[in-house]
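These protein sequence lines are chains A and B, in that order.
All residue numbers in the first sequence are consecutive under my numbering, ending with 373.
All residue numbers in the second sequence are consecutive under my numbering, ending with 1612.
I should point out that these hints are in silico values taken from the structure, not numbers from a laboratory.
Any given hint might turn out to be false.
When the alpha-carbon atoms are kept at most 16 angstroms apart in a straight line, the in silico EDC-like pairs for lysine to aspartate or glutamate are as follows [as the list claims (entries may be wrong)]:
1. B/Lys1540 - A/Asp133
2. A/Lys348 - B/Asp1071
3. A/Lys330 - B/Asp1071
4. B/Lys1352 - A/Asp82
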Amino acid sequence: MSLRTTARRPSRRWVPLLSLLVLLAAACTPEHYPQTALLPLSDFARIGDDIQDKTLYWATGVFLLVEGALLYAVFRFRGRPDDPEPRQVHGNTTIEIIWTVIPALILAAIAVPTVRGIFQTNAIPKGDVLRIDVVGHQWWWEFRYPDLNLTTANELHVPVGQTVSLHMGTADVVHSFWPPRFAGKRDVFPNRETRLWFKAEQAGEYPGQCAEFCGIQHGRMAFRVRAQTPEEFQGWVSHMQTLGAKPAGAAAAPAAPAAPAADSVRTATAGGTVAGAPQDSAYAAGEKLFMTKGCVGCHSLVAVNAPKGMVGPNLANVGARTYIAAGTLKNTDENLAHWIMDPQGIKKGVLMPNLGVTAEEARSLVAYLRAHQ
Amino acid sequence: MATTALDQQRAHAKAHAEPTGLWSWITTVDHKRIGILYGATAFTFFLLGGIEALLIRIQLGAPNNTFLAPDTYNELFTMHGTTMIFLAIMPLSAMFFNYLIPLQIGARDVAFPRLNAFSYWVFLLGGLFLNVSWLFGAAPNQGWFGYANLTSRQYSPGLNVDFWMLGLQILGVASLAAAVNFFTTVLNLRAPGMKLMRMPIFTWMSFITQVLLLLAFPVITVALILLMFDRFFGTSFFVPSGGGDPLLWQHFFWIFGHPEVYILILPAFGIVSEILPVFARKPLFGYAAMVFSGIFIAFLGFGVWAHHMFATGMGPIADTYFSLVTMLIASPTGVKIFNWLGTIWGGSIQYKTPVYFALGFVAMFIIGGLSGVMHASPPADMQQTDTYFIVAHFHYVMFGGSIFGLTAGAYYWWPKMFGRVLDERLGRWHFWLMLIGFNLTFFPMHILGLNGMPRRVYTYPEGLGFEQLNLLETVGAFILAFSFAIFLINIWKTSRGPRNAPADPWNAATLEWAIPSPPQPWNFAEIPSVHARDPLWEAKRERGGPLPEPQRVSGEGIHMPNPSYWPLVSALGLTAMMAGLMLIHHLGPWGIIAGGAVLLFGIFNWAFEPAG
């Protein structure tokens, strides 16, 4: 490109750079990050956030002063080889005392709210508290509501405005439970119970994930917090409480008119209130496969009186969840089928083996699972 | 200065004294050669750890990336951390301990020259042992912190953890042997008149580091032995099903692990505290405060370990204690930073490459220190810990601190070690690209961490907003890597130039600059006597100008230790023992017995060999 023709171009050359900068500036605001710890949505998270803000202000101030002084000295005291030897100063007791004391005072200013915050966050919540038991598993999360006799997985439903008290442990190795919008991390141990509590302030669906390295799929051990208005939460609880063991005799789904599997899948997803409804062939085939393929060995399908110690997540309402495989895939029929057929390809090392499920079988299983809303 | 005459002199002296060839390196007990061996080996491992980091950065450059499989990624981040800590930064510091401590205190060698060779060979073999795991497809994959109970046989059945556990055990032997050696050297071999409070600040910081090594390494050694019993012999120290406690491992690990941080940074403190006065042409500001703040940091370093464990829920009392003591450490650290500022303040700064890196160190370390204060507060740390905010913090301390400091030291002492001054222009390119690349790589990690990106994840999904800054970091990492390519070019280019560095190219203050570059095997033909803190400046002041170029001498009549290959034989025996231990279920005790026999044979011959 010749220089003459580009005489008027330079201004335009900055366009990509500017747009890059705008993009990066956007990437620096917490609103850009759904999993941010900087936009707390609970009383618990605000305690840490307030202290963090205070420390950050102090740190920024000290940063500007010290780096400023450093830059000043770097330019101001630039010497040349033939300059005379500067004055040989070995120290200055007054200055050294001052710059020992001032940082100590700043630290004290951080220490006071810190100690207050430590005791606040370690307090045991009292009053109208909903207890939830959190169990970490390689690589998914189990949530049990002992007072409601409910169990679910990978989606923590909490009511807005009510304190939830999490009693946490693990079924295998150490994990760390981290719902950043609501609380900091708390590690979970196999031989001791750890606690966390928070009162959600705003309804919505928020991501969280395991924060302690726990093996090959630590990176895919996410969960969602679904904060719901008290009414919605109550509705969810009532609904979940219908998902108990079927009465004996009604175990097998009645025969349904033969229909192409693909169609039935579509019906199943399209209908909003599918639970128990699609008594079609795909559903029945799926139910049979769920038993014969061994799925049932690791996954429970009941939310009420659910068995403890299952290797795989509870699937009582899997059809209604946003993600499958602990945040790995969006819960679409296609993804679910893909997952059932090839979990090892999608999430290498996951405890769910490839069971040789064919595409046809997967479609049936999807129909069956999708009905579990 | 007649270069030709000097060259002739050198050739003459060489003919008399300095052996050459591979065998002379294998059998050397000269602290300077061992220092160079440490440096070359550690720098090679540093490049390897850097390549591992680049692979990690490529994987994280895009969401849901499949460039690396999850197990490979976990091996890479484990080996990156283990390599950089145990095989790069620690032995790079050991290079400076080896090369400089005897020179700075006016000694002819370390206290135990053959033990010194043994330390090096054990380090080399330990590093190889760890990395051989790649060839078996079983590189360590549990993180450099190796948290129980993931490391139990049940959850880590492969050889991966064994390689890590026994590799660290081998390296621990090297570190402990070296620490005993330098501790003794500093206490016993100082030149007449060099009181403790006249010791060069680098030697002081190194001395404190040896104390830390002596006190911290036994803890990890014991913890690793317990882990070994859990894995090999069915005990349950950390296995909950047998009544053990995984949390115990965390306490053991961090009682070692936090002092380890100071083991990694104190030598760099020392290097920078040597360089800033020389180039500002002004003595170190507050020498005594620098010494005592170093001691204070080391002392407090043993009382803050559980600040790595605020998320474990230790309860309010423990949280409060560890939080407050951690904050307290900021105080002596701040004193150091202010004293560095005080040193250049009012000086006449001569801008040569070493001072660029030293000032870069101060600027970057401030950031690492301040973010450190931020996670001293448990309620805030509950969000920050195990996120990229921490990754940012410790890279500002370990890279912005240690590596900048060590690089400054490399440029500063290169002429002393190799008789050649590194190229200034390439040195500045190295510095600026390193500074830019470093900040592009690690600064955005602060933002990502606070905004919810956890550590040690092999990938992240779309939609969490992590894409842009991760890509930027990956670009930064390649700029950073490129800066070290320039360093390599600089080394290569300089090595082709004439060996013409004077004894004292920087107008420095300490004894190592009083002798020829590179020094002769015996360092000082005559042991100097010391009358001041900055002996060389003092001598130049008395003389009223630069000192005459020191002469190379024949060294006849100077008593030096004999070369020996028994340290290498012993090191091979030790490593074979550890390999035998790993294969105990295949070989029975025979591997251990064979290795142990070689080790004993080596030590026996070493003991009865005439020392010189």
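Quiz prompt | Given pair status - B/Asp1071, A/Lys330, alpha carbons within 16 angstroms | solution = violated, 23 angstroms
Quiz prompt | Agreement of B/Lys1540 and A/Asp133 with the hint, judged by alpha carbon distance not exceeding 16 angstroms | solution = The hint is violated at about 74 angstroms.
Quiz item: Quick one, are A/Lys348 and B/Asp1071 close enough, alpha carbons at most 16 angstroms?
Solution: Holds, at roughly 8 angstroms.
Self-check item: Hinted pair B/Lys1352 and A/Asp82, Cα distance within 16 angstroms
Solution: holds, 15 angstroms
Violated hints for the displayed structure, listed by number in ascending order: 1, 3.
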